[in-house]
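Enquirer: Residue strings, one per chain:
Protein chains: 2
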Amino acid sequence: MSFQKAKTNDPAAVLAALSALLGDRLTVSLPIREAHCRDESWHPNVTPDAVAFAETTEEVAEIVKICGAHVFPVIAFGTGTSLEGHISAPHGGLSLDLSRMNRVLKVNAEDLDVHVEAGVTRKALNVHLRDAGLFFPIDPGADASLGGMAATRASGTNAVRYGTMRENVLNITAVMADGSVVRTARRARKSAAGYDLTRLLVGSEGTLGVITELTLRLYGIPEAISSGVVSFAKFENAIDAVIETIQAGLPMARIEFLDEVQVAACNRYSKLELPETPLLLVEFHGTEASVAEQATRFGEITTAHGGGDFNWATKAEDRTKLWEARHNALYASLALAPGKQGLITDVCVPISRLAEAIKGTKDDLAASNIVAPMVGHVGDGNFHLIMLVDPANAAEVAEAQAIHDRMVMRVLSLDGTCTGEHGIGEGKMKFLEAEHGEGVAVMRAIKQALDPHNILNPGKIFSL
Amino acid sequence: MSFQKAKTNDPAAVLAALSALLGDRLTVSLPIREAHCRDESWHPNVTPDAVAFAETTEEVAEIVKICGAHVFPVIAFGTGTSLEGHISAPHGGLSLDLSRMNRVLKVNAEDLDVHVEAGVTRKALNVHLRDAGLFFPIDPGADASLGGMAATRASGTNAVRYGTMRENVLNITAVMADGSVVRTARRARKSAAGYDLTRLLVGSEGTLGVITELTLRLYGIPEAISSGVVSFAKFENAIDAVIETIQAGLPMARIEFLDEVQVAACNRYSKLELPETPLLLVEFHGTEASVAEQATRFGEITTAHGGGDFNWATKAEDRTKLWEARHNALYASLALAPGKQGLITDVCVPISRLAEAIKGTKDDLAASNIVAPMVGHVGDGNFHLIMLVDPANAAEVAEAQAIHDRMVMRVLSLDGTCTGEHGIGEGKMKFLEAEHGEGVAVMRAIKQALDPHNILNPGKIFSL
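Protein chains in written order, with this note's numbering: chain A, 1 to 464; chain B, 1 to 464.
I should point out that these hints are in silico values taken from the structure, not numbers from a laboratory. Certain hints may be false.
Computed footprint of chain A on chain B, listed as stretches where at least three residues anywhere in the stretch have a Cβ under 8 Å from a Cβ of chain A [said to hold, decoys possible]:
no. : segment
1   : 35-44
2   : 119-126
3   : 146-157
4   : 219-228
5   : 401-409
6   : 423-432
7   : 452-458
Quick list of in silico lysine to aspartate or glutamate cross-link-like pairs, EDC-like style, CA-CA up to 20 Å [said to hold, decoys possible]:
no. : chain 1 : residue 1 : chain 2 : residue 2
8   : B       : K65       : A       : E438
9   : B       : K234      : B       : D309
10  : A       : K65       : A       : D49
11  : A       : K359      : B       : D309
12  : B       : K362      : B       : E276
13  : B       : K321      : B       : D143
14  : B       : K359      : A       : E110
15  : A       : K106      : B       : D415
16  : A       : K362      : A       : E276
17  : B       : K106      : A       : D415
18  : A       : K65       : B       : D178
19  : B       : K321      : B       : E273
20  : B       : K340      : B       : E396
21  : B       : K321      : B       : E356
22  : A       : K123      : A       : E324
23  : B       : K65       : B       : D143
24  : A       : K362      : A       : E438
25  : B       : K234      : B       : E300
Computed from a predicted structure; not experimentally measured. No residue lacks a Cβ here, since even glycine has one placed at the ideal position from N, Cα and C.
Given these sequences and hints, build the entire structure.
Expert: This is the structure we're talking about:
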């Protein structure tokens, strides 16, 4: 099955119609268009023909109808922090910027949920919630928009405890390719009423519908939080400690792995003095008593696996400093080699295969000259690699890409996935078939059924 | 969009082809056919033309290909414990019995997952896992097959802590309508690689694919478990206590509501001596210390809401007796009025609307002569009603159906769902549009794309 190529029959007409609807909220300014196709990845990008700033779901529906009538691509845009070329416009079209849809519509404190517009960012939401004693845990590092996080099935450091966007979106309001507005579910915690359209849209990367609003699960801010760091001589010991921790059912809120290269980068960038060996950075949430109990048990496990002393960040500001350093790991890595580009990727395996997956990549890197910090949400079996390469050095780029491809294929051979949380976008398209086999035909059939003219983010997930 | 009506052009030919493949594992015996369309619901059922007993995924694929070639309906069958007429054969066809696919294929203890065939029942799995110190928590009451539980997006008493089948299926192997075999995902805990086919099949009620194998998440058997019962004078107080418990973030493993009618039924059926007023039946999982802490806090909350003394089931056998009584609630209810039938239904609302939803239904019941025990997984906002009616009394049946329909529409007006865990089947089809609006067109488009001849469980979820 192949898609009809998205093809505009009359670009001037579609821009005129959009302009009539949006006035100066439609722009063809080159700097604005360029800013709307640049994400944080290493993938080349193509500028869209125009950028629209939408303000309501109804307006998004009108925009999609106009673009649909002209077979003009529509690429939803949140904050531009995705990592696999999701917002590039390889077939031209409209970048549909949702950042002005940034209202928190309703906090339902009794039900622990919130209804937001898609352009609200996760940090803005948490600022809004703080006085109510609530928070939204999903934390991909960047201050991404919640619509974009749903579209890419984002997760991050807290997923080991709270799940990913998959588990934390109660319903989505989306504009489909035909301009119809669908609310995927009610606000009930669970439902067995029909196909799970919520989970179909979560992770669909703007190819099945434009997410305009969503209802998210919330959690009470824990009574007690404590964070700490423990170092290991060898990464294998750290991973063994993680496996035993997960098996013991310790309800870790976060359990992050940094390799020695990443630790050195963070020390330099964030002015820390951590031992430059592999480490685990962890956080516990609970009551005072349960957090203390978890920490004790975790300490026993790490000690049994050769971990060093546990360094606690008991004060809130020390904790913040540590997690800010973790969140800035990407920027710290890039700062290791100014002028170089970061070839960033993420994969995820069953945790029993994690050491094997990491070792294979580390051996590959050791045989090259490429500097590549590694960091992972290891409680989920998910890890990231940032290979620093000189874009002008074709041999280095080719070597990094070969290491990348071997890393992904190794992970697939270990029953893992080519991406744990960054998505397919343009960057991982070539692995979709290797991962899903016959499943790709099912995905294509769904795309064809819901977007027959392929106007929604064409050229992502699947090639045309 | 309307479906092509499933229509066999040559029943003798399809049965001959199936017989050639299966030998005596294809039967047209009337008692066997009748046993394969009877579920535990009040809906009338239609017998299939034949029953096939499949033993492997490959065999299921061959069966579906043969049926597809003849446009002969295929209705997957696990244990026959569903509750909305899922296994009836309104258009004839083949009941595809998967109960002989009952092998536990692989326990991955380090990864806390297990790969099973679809016919393994939840109790059989837990027996298999016990020595490994692991368990699978999803517990719909009946000893259903895991394939059937996935197909209906089952949940039950533990969902408040461990989630539903939606959260606990890592991947599915399914035979699609064209006979292709799809494995929906790898064994990694999370993935952002393409559309979420796992969640699309979970809850699809056999209409998109026949689930033949699945990988499920497991959990360590808790170090400490304690259960208890607390009674309230009024159901509203019990519900307020639940809301405060959930808001406080207490990690309840189970929190069940039984109304006074249900308590009386359980007392009689299971030989208990509980006060015949509304009650909460709860369970805590954790370490000894954390379970004690949770119980103390829960006791404070219930006392503040007028709850009576907390009765603990500290001994394992007392705990088992209590939960067996809960699991037998349906049979206890039916035993209240021998000869009557149970009109069983389930709905789910945001918990802030739970008291309102329950009160509306209780007022309706009070104005009738219908006896109707009520029981709920109230931590999720989910509750069930069993109206006892005499099938020969048309007026009583009509009154019960009117109460049922008002209950569902009331729940929809409270942003709830027409079914929390039983599914749509035949019984809730008329509410699908009211709940999902434009979303139904999306569901139909997916069904049409993946099963264009409508051979997979036709006449369920959607009418033809």
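Enquirer: It remains to establish, for every hint, whether it holds in the given structure.
Expert: Each hint tested on the structure:
1. 35-44: violated (count 0)
2. 119-126: violated (count 0)
3. 146-157: holds (count 4)
4. 219-228: Our answer is that it holds, as 3 residues pass the Cβ test (under 8 Å) against chain A, meeting three.
5. 401-409: Check failed, 0 qualifying residues.
6. 423-432: Coverage by chain A holds here, the residue count being 5 at a Cβ distance below 8 Å.
7. 452-458: violated (count 0)
8. K65/B / E438/A: Status holds; Cα separation ~16 Å.
9. K234/B / D309/B: Between K234/B and D309/B the Cα gap is close to 15 Å, so the pair holds against 20 Å.
10. K65/A / D49/A: Roughly 17 Å between the alpha carbons, so the hint for K65/A and D49/A holds.
11. K359/A / D309/B: 57 Å, violated
12. K362/B / E276/B: The given pair, whose Cα atoms are some 16 Å apart, holds under the 20 Å limit.
13. K321/B / D143/B: 17 Å, holds
14. K359/B / E110/A: 18 Å, holds
15. K106/A / D415/B: 14 Å, holds
16. K362/A / E276/A: Since the Cα atoms of K362/A and E276/A sit roughly 16 Å apart, the hinted pair holds (cutoff 20 Å).
17. K106/B / D415/A: 14 Å, holds
18. K65/A / D178/B: 33 Å, violated
19. K321/B / E273/B: 12 Å, holds
20. K340/B / E396/B: OK: K340/B and E396/B at ~11 Å, within 20 Å.
21. K321/B / E356/B: Measuring from Cα to Cα gives roughly 31 Å; hence the hint is violated.
22. K123/A / E324/A: 13 Å, holds
23. K65/B / D143/B: 30 Å, violated
24. K362/A / E438/A: 32 Å, violated
25. K234/B / E300/B: This hinted pair holds, its Cα atoms lying about 18 Å apart.
Hints 1, 2, 5, 7, 11, 18, 21, 23, 24, counting from the list given before, are not met by this structure.
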